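Peer 1: For reference, the chains in residue letters:
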Amino acid sequence: MLRGNYRILSRVARRHASSNTLSSKYELTCGLEIHTQLNTKNKLFSMSSNKSFESLAHPNINASYFDVALPGTQPVLNYEAVLFAAKLAVSLHGTVNINSQFDRKHYFYGDQPQGYQITQHYHPFSKGGYIMLSKEFDGIDQDLSKINITQLQIEQDTARSSYLHQSLIEGREEALIDFNRSNVPLIELVTEPDFHDVKQVKAFIKKYQNLVRQLHISTGDLETGSIRVDVNVSVNEHPRVELKNLPNTSSILNAIKYEYKRQVEVLEGGSLGGSKAVETRGWDGEKTTLLRSKESAVDYRYMADPELPPVTLSPDVLVNVKKSLTQSADDCIRELMAEPYNLTLKDAKILTIQNDFNDLYNNEEVRQYYLETFNIYMLLLKDDNKKKPKIIVSWILHELLGNLKKLEIPLKKLNENMLPPELFAELLVLIHKQIISNSSAKMLLFHILEEFKANDCVKVENLDFKALIKKYDLEVQTDVSKTELEQNCRDIITELNNPKMIDDIKSGKKKNSLKYLVGLGMRKYQGKIKVQELENMFKQILELE
Amino acid sequence: MYRAASRALFKSTTLLRCSRFYSSSAASSTATRVGPKFQSIKEIKAYMDKPTWSLNEFFESSNITDASEIPSEATVTKLLKLSGLPAEGADIPAIQQRLGQQLLFLRRLHDAPLDENEDLNIRFSRIMPRNTDIVDYESLLKMIEVQNSSKFPDEEGGKWDPTGQAIIKKNGFFVATKQNTHTAE
Numbered sequence: 001m002l003r004g005n006y007r008i009l010s011r012v013a014r015r016h017a018s019s020n021t022l023s024s025k026y027e028l029t030c031g032l033e034i035h036t037q038l039n040t041k042n043k044l045f046s047m048s049s050n051k052s053f054e055s056l057a058h059p060n061i062n063a064s065y066f067d068v069a070l071p072g073t074q075p076v077l078n079y080e081a082v083l084f085a086a087k088l089a090v091s092l093h094g095t096v097n098i099n100s101q102f103d104r105k106h107y108f109y110g111d112q113p114q115g116y117q118i119t120q121h122y123h124p125f126s127k128g129g130y131i132m133l134s135k136e137f138d139g140i141d142q143d144l145s146k147i148n149i150t151q152l153q154i155e156q157d158t159a160r161s162s163y164l165h166q167s168l169i170e171g172r173e174e175a176l177i178d179f180n181r182s183n184v185p186l187i188e189l190v191t192e193p194d195f196h197d198v199k200q201v202k203a204f205i206k207k208y209q210n211l212v213r214q215l216h217i218s219t220g221d222l223e224t225g226s227i228r229v230d231v232n233v234s235v236n237e238h239p240r241v242e243l244k245n246l247p248n249t250s251s252i253l254n255a256i257k258y259e260y261k262r263q264v265e266v267l268e269g270g271s272l273g274g275s276k277a278v279e280t281r282g283w284d285g286e287k288t289t290l291l292r293s294k295e296s297a298v299d300y301r302y303m304a305d306p307e308l309p310p311v312t313l314s315p316d317v318l319v320n321v322k323k324s325l326t327q328s329a330d331d332c333i334r335e336l337m338a339e340p341y342n343l344t345l346k347d348a349k350i351l352t353i354q355n356d357f358n359d360l361y362n363n364e365e366v367r368q369y370y371l372e373t374f375n376i377y378m379l380l381l382k383d384d385n386k387k388k389p390k391i392i393v394s395w396i397l398h399e400l401l402g403n404l405k406k407l408e409i410p411l412k413k414l415n416e417n418m419l420p421p422e423l424f425a426e427l428l429v430l431i432h433k434q435i436i437s438n439s440s441a442k443m444l445l446f447h448i449l450e451e452f453k454a455n456d457c458v459k460v461e462n463l464d465f466k467a468l469i470k471k472y473d474l475e476v477q478t479d480v481s482k483t484e485l486e487q488n489c490r491d492i493i494t495e496l497n498n499p500k501m502i503d504d505i506k507s508g509k510k511k512n513s514l515k516y517l518v519g520l521g522m523r524k525y526q527g528k529i530k531v532q533e534l535e536n537m538f539k540q541i542l543e544l545e
Numbered sequence: 001m002y003r004a005a006s007r008a009l010f011k012s013t014t015l016l017r018c019s020r021f022y023s024s025s026a027a028s029s030t031a032t033r034v035g036p037k038f039q040s041i042k043e044i045k046a047y048m049d050k051p052t053w054s055l056n057e058f059f060e061s062s063n064i065t066d067a068s069e070i071p072s073e074a075t076v077t078k079l080l081k082l083s084g085l086p087a088e089g090a091d092i093p094a095i096q097q098r099l100g101q102q103l104l105f106l107r108r109l110h111d112a113p114l115d116e117n118e119d120l121n122i123r124f125s126r127i128m129p130r131n132t133d134i135v136d137y138e139s140l141l142k143m144i145e146v147q148n149s150s151k152f153p154d155e156e157g158g159k160w161d162p163t164g165q166a167i168i169k170k171n172g173f174f175v176a177t178k179q180n181t182h183t184a185e
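Chains A and B, in that order, are what the protein sequence lines are. Here the working numbering is used: the first residue of the first sequence is 1, the next is one more, and so on. Here the working numbering is used: the first residue of the second sequence is 1, the next is one more, and so on.
It should be emphasised that the hints constitute simulated quantities derived from the structure, not laboratory data. All of these numbers come straight from a predicted model, not from anything done at the bench. Any given hint could be a false lead.
Pairs of lysine to any residue, SDA-like flavour, derived with a Cα cap of 20 Å [to be verified]:
id, chain 1, residue 1, chain 2, residue 2
1, A, 323, B, 144
2, A, 41, B, 154
3, A, 524, A, 483
4, B, 170, A, 111
5, B, 169, A, 173
6, A, 41, B, 138
7, B, 169, A, 162
8, B, 169, A, 56
9, B, 142, A, 310
Sequences are here, hints too, so could you generate the full structure?
Peer 2: Listed below in structure tokens is the structure:
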């Protein structure tokens, strides 16, 4: 019910927000604060498991003495979080502080019984760095836009609180506290106020999500709270407003648009009254609402944590982390779009950026499979000038992955136990040489995958496509009699009984309908005829040449 | 600074351990090492009789003489709120006095003379000052490997019931209310 209401409110807000465009008279300025949960094996200052989502059904199951702040317990830093932070900082071109330190940020709330959060206030993990956005890859309006990073700091997450609706009604305000999330490592990233339109914000968040996924340091999901974004918004001389509680990208964008309009109204109405008060506002799905004004701002009384030593890294950590990083997503896309691959931007992005979330494959595995198949295909056909490498990406992304999803076969298992890239490249070569037609190859591929799945994906030895084509009698006939072919094509046109379509093909109005006739022909020949032969015959009969 | 404070503590409390605290070597400005064991009660007495300052004397000399040293009522109320402590029913004037005296004491501590090679660098303001080992890439990976494979029993999922001793709990959750947490507004 709550979700239903939220959706309605979101729709209303979208309509409201989309009616607003940014005015050149009023400049929007935004900065972001992004909290990212790291997917380290264990928590930040204890070795209890970092599985806050998996254990949602079992509250407080992964909570050590330290996580629940039992007196006398002390923190021990998990260095995996340091490694992850180093990967992110280096990827963002930041300057890593090889002497960072932890501080206590004091506040009292049920989700933080220590009375303070351990963070890095005075000596954060890294400073500086940037993410470059472009019109070409990120869809922003400007050719290039550099978003500078202020700093990255490592800190601990709080426990998860949920409020019982009934207790709120009865005025008891009981919060249920689950410490599975307490002490999960976070990285807080703060950007400079370099955003001047919502497209840049959207592109930055997407690019950042892709980055943390590519680095394997976070799941990068906004919806589950793995990434939480606060936005600082200011229009012209209006004091900065911090927007919090933004659960997904559309909330973030709609809240910024709403806040822009609200601040413009304040400025136009002259009701600012010289106030420089910094506010914190929330988003209720429809409008931003005041959470905290400057008068009630919290004094966190930061102090160096006396129980944690400084983190002193040797410069070789950064050198080796840099070496361990893979190519940046933009460089990877650029490479795939260039010779010899010549992929479209869409296909290159699919192979580079993790968009399709499932347990069967990820973009890196698919890209590796594509690259290996490509290399072998090109080698096998090195003397063939008519080779069509574009079919490789098409067959992998559409046929192969589609079948794997349908049959629930992991790509890794397929690669290891049945169809490594060298065998898949062989199948593509057989298609190219018209030994098997496209449609028969699709059927054959699905059939062998179905059998593989039925046998629990156990290893298949010596898969031989040529033998299978013979076994199932799928070989394209090369000795089709011309008379018989002509008769069959004429029969197809007669049986179709659609003079309008034929006239449209003849007049050139609907050239693509010829492909429909060819398809009917392929069906009649059960895929065992060359497409080109059928097409030529139809063209001859319809006097298209 | 550290040595001075620890000496004062040493003198004003019972004998904690029969070893001497030495400040760091010249190469290390922050490490502390423990000196050789005392061999006899005579040596201990001689050590204790060395002229130094006493914590009590230091504290007593921190009596407030200037009214401006006393924090205001508003400051005390704010600090109580920040600390999650109830202001209602609290003896505010008494807290003002105590806090003022403690602050003066801290200021005097800050002014205490430092031994050679000691400083007030906030980076090392911890219970036991120390130099940490520099972590190189190899040792970082090794530490991660070791840490990931060693857990204390309370760190094993489901090995203890965190809500076992909680007065209010519900379906495995702790329950926080305004009454039991003094939650800040």
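Peer 1: Take the C-alpha atoms of residue 169 of chain B and residue 56 of chain A, compute the straight-line distance between them, and say whether it is at most 20 Å.
Peer 2: Holds, at roughly 17 Å.
Peer 1: Checking one constraint from the list: CA of residue 323 of chain A to CA of residue 144 of chain B, max 20 Å. Satisfied?
Peer 2: Status holds; Cα separation ~19 Å.
Peer 1: Regarding the pair residue 524 of chain A and residue 483 of chain A, is the alpha-carbon distance no greater than 20 Å?
Peer 2: 15 Å, holds
Peer 1: Hinted pair, alpha-carbon criterion (20 Å max): residue 170 of chain B, residue 111 of chain A. Please report holds or violated.
Peer 2: Satisfied, since the Cα-Cα distance of roughly 16 Å is no more than 20 Å.
Peer 1: Given the proposed pairing of residue 169 of chain B with residue 173 of chain A, does the C-alpha separation stay at or below 20 Å?
Peer 2: 14 Å, holds
Peer 1: Need the status of pair residue 142 of chain B, residue 310 of chain A: alpha-carbon distance at most 20 Å?
Peer 2: 19 Å, holds
Peer 1: Does residue 162 of chain A lie within 20 Å of residue 169 of chain B when you go C-alpha to C-alpha?
Peer 2: 13 Å, holds
Peer 1: Quick one, are residue 41 of chain A and residue 138 of chain B close enough, alpha carbons at most 20 Å?
Peer 2: 19 Å, holds
Peer 1: Keeping to a limit of 20 Å between CA atoms, is the pair of residue 41 of chain A and residue 154 of chain B held or broken?
Peer 2: Holds, because 16 Å separates the two Cα atoms, which is no more than 20 Å.
Figure legend: structure checked against the earlier numbered hints; every hint is met.
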